[in-house]
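Participant: Single-letter residue listing:
Number of protein chains: 2
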Amino acid sequence: MSPSPQSSSPAVPALAKVRLSIDCMGGDHGPSVTLPACQSFLAAHPEAELILVGRADDLAPAASWPRTKVVAATEVVEMDDPIEVALRRKKDSSMRVAISQAKPDASGEAAAQACVSAGNTGALMAVSRYLLKTLDGIDRPAIAAVMPNKMGNYTTVLDLGANVDCTAEHLLQFAVMGSALVSAVDGKENPSVGLLNIGEEEIKGNEAIKRAGELLRAVATAGHMNFRGNVEGNDIFKGEVDIVVCDGFVGNVALKTSEGLASLIAQFLKQEFKRTPLTMLAGLLAKPVLNRLASRLDHRRYSGGALLGLRGLVFKAHGSSDAFAFEQAMNRAYDAARHGLLTRVHDRIVDTLAAMPPVTDDAPAPTAAASTA
Amino acid sequence: MSPSPQSSSPAVPALAKVRLSIDCMGGDHGPSVTLPACQSFLAAHPEAELILVGRADDLAPAASWPRTKVVAATEVVEMDDPIEVALRRKKDSSMRVAISQAKPDASGEAAAQACVSAGNTGALMAVSRYLLKTLDGIDRPAIAAVMPNKMGNYTTVLDLGANVDCTAEHLLQFAVMGSALVSAVDGKENPSVGLLNIGEEEIKGNEAIKRAGELLRAVATAGHMNFRGNVEGNDIFKGEVDIVVCDGFVGNVALKTSEGLASLIAQFLKQEFKRTPLTMLAGLLAKPVLNRLASRLDHRRYSGGALLGLRGLVFKAHGSSDAFAFEQAMNRAYDAARHGLLTRVHDRIVDTLAAMPPVTDDAPAPTAAASTA
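Protein sequence lines, in the order shown, are assigned to chains A and B.
Quick note: the first sequence uses our numbering, first residue 313, plus one each step.
Quick note: the second sequence uses our numbering, first residue 313, plus one each step.
These aren't lab readings, by the way, just hints derived from the structure by calculation.
Warning: the hint list may mix true and false statements.
Since the list gives no way to pick out one identical chain from another, each pair is judged satisfied if it fits inside one copy or across any two copies.
[As the list claims (entries may be wrong)] Taking lysine to aspartate or glutamate pairs in the DMTMM-like style, the calculated list, with each CA pair at most 25 Å apart, reads: (1) Lys550 to Asp340; (2) Lys599 to Asp634; (3) Lys403 to Glu390; (4) Lys381 to Asp634; (5) Lys550 to Asp392; (6) Lys550 to Asp610; (7) Lys462 to Glu571; (8) Lys599 to Asp610; (9) Lys462 to Asp610; (10) Lys445 to Glu421.
Between the sequences and the hints, there should be enough to build the whole structure, so can you do that?
Facilitator: Laid out in structure tokens, this is it:
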């Protein structure tokens with residue numbers, strides 16, 4: 313147990329100046345989306361600077377922009393490129409060059425404090441991991457994103473697909489990284505964490521989950537995490553915890569299942585409101601409400617998944633982002649960089665490791681088969 | 313490989329007479345819900361018979377019903393009773409006695425061909441498993457239920473929580489049992505099966521999933537399963553496959569996540585339609601559409617989870633079932649029994665085992681840790 317009762321995230325003073333590096337070629341739409349997003353971002357943040365990375369021709373319009381530097385890259389990682397192509401063949405891709413701008417040198421300084429790309433997730437994670445390396449104390453980087461909740465706010469969920477088999481220690485690290493992210497981006501110094509499990513009393517989680525619960529409780533007892541215990545799938549949307557931690561397989565299924573149900577409901581409403589003249593009138597009158605629902609569920613508002621656990625900040629915009637969504641991702645990257653997300657993750661990991669119960673060899677294997685019915 | 317190219321489920325002739333045993337005390341509402349459901353069920357099925365199990369006083373109204381036998385049981389498994397209490401202490405519970413009615417004797421005959429209960433899932437599975445035992449070739453019973461899809465139909469998903477760590481062989485068995493269920497209840501002789509995975513090419517599933525895919529492909533090649541490959545969470549709602557197979561942890565999270573999102577959307581619409589006089593008018597006009605949406609998503613229509621893999625049929629109604637929902641579960645149990653679900657599972661398992669590739673010892677451990685990012 314750690315002797316320190318304080319919160320593990322003392323407020324980090326906000327940086328006065330932040331520079332973002334932008335993969336302008338990534339995503340389904342490339343510069344036609346990223347350039348307008350950058351222009352709007354620059355107007356909204358008079359102190360921010362940008363490094364735009366991409367093909368020289370495509371970026372010519374940005375040559376005269378204020379607080380902007382253009383860095384040429386000759387190649388583009390396509391949305392369906394295998395990881396190997398992004399990693400080993402396209403060494404002058406806009407994605408790779410943009411990430412490399414966010415890599416700190418020996419003194420801890422980097423050209424950019426965070427990188428944003430709408431490029432394909434697998435490639436982005438692989439190249440980021442290769443170039444930036446993982447932070448001390450982190451075994452696996454994770455992808456975090458947010459989902460809307462009943463509080464009119466959003467819940468941060470991680471991991472969403474980077475890791476398909478996680479040990480208890482990995483889940484603990486995700487909780488640490490998620491806490492650091494929410495404290496940096498949302499300004500909550502002590503955000504609450506839930507561990508995704510299957511809730512009915514008689515059906516307990518698997519061994520990795522149970523052990524993760526023990527680790528999280530130990531760290532919470534030592535005052536280094538606001539751990540609220542197990543949560544279930546429906547709790548993601550309740551908003552009673554700020555962060556939901558799970559392995560990447562489960563997180564990805566939860567995310568995709570939600571997208572599928574939202575799409576089913578949208579299709580159903582569209583069909584039903586078209587059925588008769590009366591329902592068409594009703595649909596017309598209900599339009600403002602339905603639009604607000606669409607906006608509430610709109611993944612664009614929640615764009616900006618964070619790749620956490622690396623020695624540099626990388627944010628991922630949705631591949632299908634329009635300029636609005638891409639700018640949202642830039643905003644999140646900007647907030648994270650300005651409020652010292654890297655330092656926060658580092659500090660929290662140090663505190664957490666100090667509070668960890670000693671590892672015992674008789675702990676059950678994290679993924680031992682166990683039926684509980 | 314099996315030499316047989318035929319479908320593994322030759323049509324089983326429908327039984328002329330089916331008797332269901334009903335746990336009348338189970339669920340949040342007990343006899344006030346189960347008795348009206350039984351009465352309505354008897355009226356709708358002039359050839360069906362019922363065995364009603366519960367406290368004699370509570371079941372007195374049913375004494376004069378046609379085609380109905382009342383069996384007294386003095387105890388009740390409460391919704392929050394631990395499994396141990398249901399299993400070892402309450403030996404004369406309505407749940408236990410109702411299940412025992414569906415236990416075949418040495419000649420294969422049982423008092424009832426299926427049992428229906430709205431009692432707590434963990435207890436129901438544990439007592440069913442204890443009394444009925446698992447079928448040959450099945451290692452783990454599973455819970456299957458249905459979720460609505462875009463085809464205006466529903467998708468059967470299993471396992472939904474009985475097993476938190478599954479091997480590839482377990483997942484294969486779930487696929488077999490799910491196929492048998494859909495063929496019996498929905499009359500599709502060769503229903504399609506998808507394996508729930510995380511879809512992006514660069515992020516592969518864990519070892520158990522990958523090996524399950526191999527097994528399923530081998531069985532499909534031998535003509536014993538209509539396997540369509542991997543599906544993602546959103547595919548549950550597309551309706552392009554009849555059955556989605558996953559481990560119980562993932563299935564439970566997918567189910568609960570869907571319930572959570574549906575609830576978020578319902579709450580949002582309720583609030584928004586109340587905001588102004590105009591939206592209230594819109595809400596009034598949109599009411600028929602919103603009611604149809606609610607009905608489409610209504611879990612009561614999908615009531616009737618099946619406990620599969622046992623030597624007897626047990627169906628689970630939602631704990632909060634009203635009479636309508638409980639009767640839906642009875643209908644599903646009735647269809648399953650009438651169309652020989654037990655025989656179908658048995659036949660399919662035999663065919664599947666014959667088509668299985670030989671087990672090799674160098675197969676990777678089913679849950680070995682593997683990062684794929």
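Participant: Within a copy, between copies, both or neither: where do Lys403 and Glu390 come within 25 Å Cα-Cα?
Facilitator: within (13 Å within a copy, 63 Å between copies)
Participant: Within a copy, between copies, both or neither: which one fits Lys550 and Asp610 at a CA-CA cutoff of 25 Å?
Facilitator: Both, since 17 Å and 19 Å are each at most 25 Å.
Participant: Check Lys381 against Asp634 for me: Cα-Cα at most 25 Å, and say if that holds within a copy, between copies, both or neither.
Facilitator: This pair counts as within: shortest intra-copy Cα distance 22 Å, inter-copy 65 Å.
Participant: How would you label the pair Lys599, Asp634 (within, between, both, or neither) given a Cα cut-off of 25 Å?
Facilitator: within (22 Å within a copy, 34 Å between copies)
Participant: Is it within, between, both, or neither for Lys462 and Asp610, if the alpha carbons may be no more than 25 Å apart?
Facilitator: both (15 Å within a copy, 20 Å between copies)
Participant: At most 25 Å between C-alpha atoms: does Lys550 with Asp340 qualify within a copy, between copies, both, or neither?
Facilitator: between (32 Å within a copy, 23 Å between copies)
Participant: Measure nothing new, just compare the shortest in-copy and cross-copy C-alpha distances for Lys445 and Glu421 to 25 Å and report within, between, both or neither.
Facilitator: For Lys445 and Glu421, only the intra-copy Cα distance (15 Å) is at most 25 Å; the inter-copy one is 65 Å.
Participant: With identical chains treated as interchangeable, where does the CA-CA distance between Lys550 and Asp392 reach 25 Å or less: within a copy, between copies, both, or neither?
Facilitator: between (35 Å within a copy, 23 Å between copies)
Participant: Taking 25 Å as the upper bound on the Cα-Cα distance, should Lys462 and Glu571 be classified as within, between, both, or neither?
Facilitator: both (17 Å within a copy, 13 Å between copies)
Participant: Which holds for Lys599 with Asp610 at a C-alpha limit of 25 Å: within a copy, between copies, both or neither?
Facilitator: Both: 16 Å inside a chain and 24 Å across chains, each within 25 Å.
When held up to the earlier numbered hints, the structure conflicts with none and fits them all.
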